[in-house]
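Combine the two chains into a complex, taking the hints into account.
Protein chains in written order, with my numbering: chain A, 16 to 84; chain B, 27 to 489.
These are calculated hints, taken from the structure and not from any lab test.
Hints should not be assumed to be uniformly reliable.
To be verified - Pair ranges (Cβ atoms, derived): (1) A:Pro68 x B:Arg414: 45 to 53 Å; (2) B:Glu350 x A:Phe19: 22 to 30 Å; (3) B:Glu87 x A:Thr50: 52 to 60 Å; (4) A:Arg45 x B:Gly95: 53 to 61 Å; (5) B:Asp324 x A:Pro42: 42 to 50 Å; (6) A:Thr34 x B:Ala331: 49 to 57 Å; (7) A:Thr39 x B:Asp161: 12 to 20 Å; (8) B:Ala295 x A:Thr34: 26 to 34 Å; (9) B:Ala79 x A:Arg45: 44 to 52 Å; (10) B:Arg310 x A:Phe19: 37 to 45 Å; (11) B:Ala61 x A:Phe19: 48 to 56 Å.
As the list claims (entries may be wrong) - In silico negatives: residues of chain A with every beta carbon more than 10 Å from chain B: (12) Pro20; (13) Pro22; (14) Gly37; (15) Asp54; (16) His63; (17) Ala70; (18) Glu71.
Built from N, CA and C at the ideal position, the CB exists for glycine as well.
Residues per chain, in single letters:
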Amino acid sequence: MAEFPTPDALAAEFDCLMTRAGITIPPQRRAAVLTAYADLRGQIALLHGRYGPEAEPSNVFRLAPAGGK
Amino acid sequence: MDTQDLSIAEMGRLLRAGTVTAEKLARDALARVAARDGALHAFVLVTEERALADARRADDELKSGRDRGAFHGIPYALKDIYDTAGIRTTCHSKLRLHNVPKEDSVAVARLREAGGVLLGKLATHEFAIGGPSFDLPFPPARNPWNPEHVTGGSSSGSGTAIAARMVRMAMGSDTGGSIRGPAAWCGTVGIKPTYGRVSRRGVFPLSWTLDHIGPLSRSVEDSAITLQVLAGHDPRDPASADVPVPDYRADLEKGVAGLRIGIPRAFFATATATTPQVVAGLDRTAAQLREAGATVEDMELPEYALFSAVGRVIMMAEAFAIHEADVQTRLQDYGEITAGRFVLGAAITAADLIHAQRARRELTDAVSAALSRYDALLMLSALDTAPRFDQPTDALSSASPIQTIPYNVTGHPAMSVPIGLGTSGLPIGVQIAGRAFDEAMVFRVGRAVETLSGWENVALPGG
Numbered sequence: 016m017a018e019f020p021t022p023d024a025l026a027a028e029f030d031c032l033m034t035r036a037g038i039t040i041p042p043q044r045r046a047a048v049l050t051a052y053a054d055l056r057g058q059i060a061l062l063h064g065r066y067g068p069e070a071e072p073s074n075v076f077r078l079a080p081a082g083g084k
Numbered sequence: 027m028d029t030q031d032l033s034i035a036e037m038g039r040l041l042r043a044g045t046v047t048a049e050k051l052a053r054d055a056l057a058r059v060a061a062r063d064g065a066l067h068a069f070v071l072v073t074e075e076r077a078l079a080d081a082r083r084a085d086d087e088l089k090s091g092r093d094r095g096a097f098h099g100i101p102y103a104l105k106d107i108y109d110t111a112g113i114r115t116t117c118h119s120k121l122r123l124h125n126v127p128k129e130d131s132v133a134v135a136r137l138r139e140a141g142g143v144l145l146g147k148l149a150t151h152e153f154a155i156g157g158p159s160f161d162l163p164f165p166p167a168r169n170p171w172n173p174e175h176v177t178g179g180s181s182s183g184s185g186t187a188i189a190a191r192m193v194r195m196a197m198g199s200d201t202g203g204s205i206r207g208p209a210a211w212c213g214t215v216g217i218k219p220t221y222g223r224v225s226r227r228g229v230f231p232l233s234w235t236l237d238h239i240g241p242l243s244r245s246v247e248d249s250a251i252t253l254q255v256l257a258g259h260d261p262r263d264p265a266s267a268d269v270p271v272p273d274y275r276a277d278l279e280k281g282v283a284g285l286r287i288g289i290p291r292a293f294f295a296t297a298t299a300t301t302p303q304v305v306a307g308l309d310r311t312a313a314q315l316r317e318a319g320a321t322v323e324d325m326e327l328p329e330y331a332l333f334s335a336v337g338r339v340i341m342m343a344e345a346f347a348i349h350e351a352d353v354q355t356r357l358q359d360y361g362e363i364t365a366g367r368f369v370l371g372a373a374i375t376a377a378d379l380i381h382a383q384r385a386r387r388e389l390t391d392a393v394s395a396a397l398s399r400y401d402a403l404l405m406l407s408a409l410d411t412a413p414r415f416d417q418p419t420d421a422l423s424s425a426s427p428i429q430t431i432p433y434n435v436t437g438h439p440a441m442s443v444p445i446g447l448g449t450s451g452l453p454i455g456v457q458i459a460g461r462a463f464d465e466a467m468v469f470r471v472g473r474a475v476e477t478l479s480g481w482e483n484v485a486l487p488g489g
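Okay, chain B solo, but in the shape it has when bound (with noise of 0.2 Å):
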């Protein structure tokens, strides 16, 4: 049986109708990444003896009468900003190459106990802002439809590995767009939930209060299974929140029919880098909703660069908060794009901090109103398709071709989902944006866009 396109879901009831086993979904998701990951650079370090004894422990336990749900015997990876006990996590720097934590992150450690197979850790930006880069000590993961085409970061590897078809699911972080972005370039569905929903600890931080965790995968399904075990309340992070997790699964099929949607056009249609084919992508997203039953509209929000100004800034200082010390007496040994960033970190002075906080709960508060009237924001993910290796672009910049940085100076839950290829066969994602809290809505109409679009049919690289 060939299991590279089962889902989530589908390979939950064959491991319990007995027709397929953790093991062998474990062996073959360890064959794809042996054949595949030689050109594409997706794993910093592969865990076989691991992930062959969870997929051992998982199958013992079916076998046993014990089931730990959806989740359990399923394949996964992870952006190596995770702790891992006893397996080393590098943050794909020279910094922390020989890093061995004690102790999973709370991430980590939920997946397992969903009972989780994990294969291995991917690779990243460097500390999840500087790359790609090829000074580093692994290579920058490569595009599985071009590789000459950047995969979008800083989870780079999570984004090669899903669109590669190695695994359904690898978990990402996002700061400025970190899932969104590698989601959109690489052609998967990538979410960041809301601010407080999935605990941080135990990941390596950028920015204390723009960071945000969540899956990358195949499906939206994939993604609301997984959401499913990462949500709830952790009382040793300081961010998280105390709010109920739903069922993300019970209106995954609603449809959209009587929603009401907004589009942000000025965010993009303003912007110098956006390109006709990912307006047109988007504006045939919206007709297919409007077909569907939703009504979708132009709206506005505060100016696009108002955000990034104030999530660049935010970003920028806790980083060198962060990292000040290594700045001051290490700085050769990051690479040269981390380098740069991280210095500009010391030039915020305390007003401009003050500034952007100010402005930061005015543009909040600006989200929260347009989603008192719409139940979603439909936006594009990236102004243009993935760039190639020697046309870099700085996704920081006041002219980045990222459009995610938005929801996190807000905290608001927001998606990408693939809606097909551009004209140069890379792929195309739109952007949805939900209430605080209100991830379920954020994967129902993600789902309706998935479907509408026909991305299910849209054939994948990697054989």
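So here's chain A without its partners, still in its complex pose (with noise of 0.2 Å):
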């Protein structure tokens, strides 16, 4: 995943997807919401970069009963 974006990025990008999905957060609650998206951006970041071609998506995943080790 790319570099993880300054402030001022990321509240650009951040109002481009608000603008894309057709939300409007009212302007008392952006700096909380924001704060609350960059936290949730570090989590994802987490998850790029991880895994090759061959790592499937759970589908929505697996289980094996008990004793089925």
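Dropping the structure here:
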């Protein structure tokens, strides 16, 4: 994943995503939502670049019954 | 007779002996709700008429020889995301304030069929995600141990109702820890069964592939009795598993001698929010289990941050898909916390979600592999005791004080069990996870922890 964006770039990215989704964030809530977005963006970064093409997504995931080690 | 501390099994014995009636149990519970809930706000709706009708039916049936089993005549309450035919189901939200379902959810139907007595609907964080909040149609539930402190969520009213001794069992739901978090912070037992074990049909979804439903209760046995009623295949729930349901009480008192229990210590040892009092509690529990004959040792799982990231990305994406239209057109009608969480789902890309699903497979396989070496895993439910309302924490952030989401990601069963009180007089809980569909082992280890910790002798709040 690309380098983590600067605060201004992060805000611009978030505004773009909200516009694309048709969501209007009230101005008084924007700062709190942006802080949460920055935290989420940091978590998302952990998921990128981990796997080669052979690693398939769970579908949804698999469980073995008890005893089926 | 004072009925407030009777276990579900004890109530059953007295009902069958004719020493007490289901109507008395219901009236006593209603009286406790009336006396205590004004300060605690566990209930958003008390269904007194329904409760008394259920109770009289239970009494009539027992008199005529019809016994529906261990839950017959037992009072209980429901988190207000469970559909109840003819009874308002609000999700604690302005958006569904006047929603009256036509049908019961599967869980409610099974509890009714088992002879349960419905006392009412309980507070929740809005749509099982946004809270504790003061900008919703109902106030947030308060922690009976200290009402200035939160309950944890999202099954907030369920934790309150149990800890305040209003009822022995209250249904919750758990998408990232919403059963086990309130259980830990309110000093109750709370089990998230295996994904697919209990039908979710008729329970308002937060995130389809992470949602689980289950009970919060006063004791491990209470939860085992309740799960016996709830568990089983539902062909109309696409996630429901057709796996045999064992007798959950058969091995409850078997103890832990000879069992192998692993502690993924790095989960909490490396977290900045971890406090010494909860680690001391977990280490005390581990020592008690060793003394009782178990092998208990530290082991490793993939890093906690990865579980947390996977869970949050999937939850946010699926929740946004559910709420997209209302978030676009009625954002102001959600509480501020709920709205702030739902809009994040719109910022997740397709690649983010696919990577999370790839990691989910890796993590599920890692936990299953660990559980081929251990009978159960032991860890903290939360990194500290319940915070005050004026010191809010974000249970979904990377710094969440609740450590429950790994087993929502992997689907394995996990239960929080109280082990004692911290320095502030608030409860501490530990978490026990087990193999897929092996809730019986989770109950067995949990019952041992409950006994060894001496929790049953701790004086509860509620008069």
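Now for the hints, and whether the structure bears them out:
no.: 1; hint: A:Pro68 x B:Arg414: 45 to 53 Å; verdict: 49 Å, holds
no.: 2; hint: B:Glu350 x A:Phe19: 22 to 30 Å; verdict: 27 Å, holds
no.: 3; hint: B:Glu87 x A:Thr50: 52 to 60 Å; verdict: 56 Å, holds
no.: 4; hint: A:Arg45 x B:Gly95: 53 to 61 Å; verdict: 54 Å, holds
no.: 5; hint: B:Asp324 x A:Pro42: 42 to 50 Å; verdict: 49 Å, holds
no.: 6; hint: A:Thr34 x B:Ala331: 49 to 57 Å; verdict: 30 Å, violated
no.: 7; hint: A:Thr39 x B:Asp161: 12 to 20 Å; verdict: 18 Å, holds
no.: 8; hint: B:Ala295 x A:Thr34: 26 to 34 Å; verdict: 43 Å, violated
no.: 9; hint: B:Ala79 x A:Arg45: 44 to 52 Å; verdict: 50 Å, holds
no.: 10; hint: B:Arg310 x A:Phe19: 37 to 45 Å; verdict: 41 Å, holds
no.: 11; hint: B:Ala61 x A:Phe19: 48 to 56 Å; verdict: 54 Å, holds
no.: 12; hint: Pro20; verdict: 13 Å, holds
no.: 13; hint: Pro22; verdict: 15 Å, holds
no.: 14; hint: Gly37; verdict: 5 Å, violated
no.: 15; hint: Asp54; verdict: 5 Å, violated
no.: 16; hint: His63; verdict: 6 Å, violated
no.: 17; hint: Ala70; verdict: 5 Å, violated
no.: 18; hint: Glu71; verdict: 7 Å, violated
Of the numbered hints given earlier, the model fails hints 6, 8, 14, 15, 16, 17, 18; all others are met.
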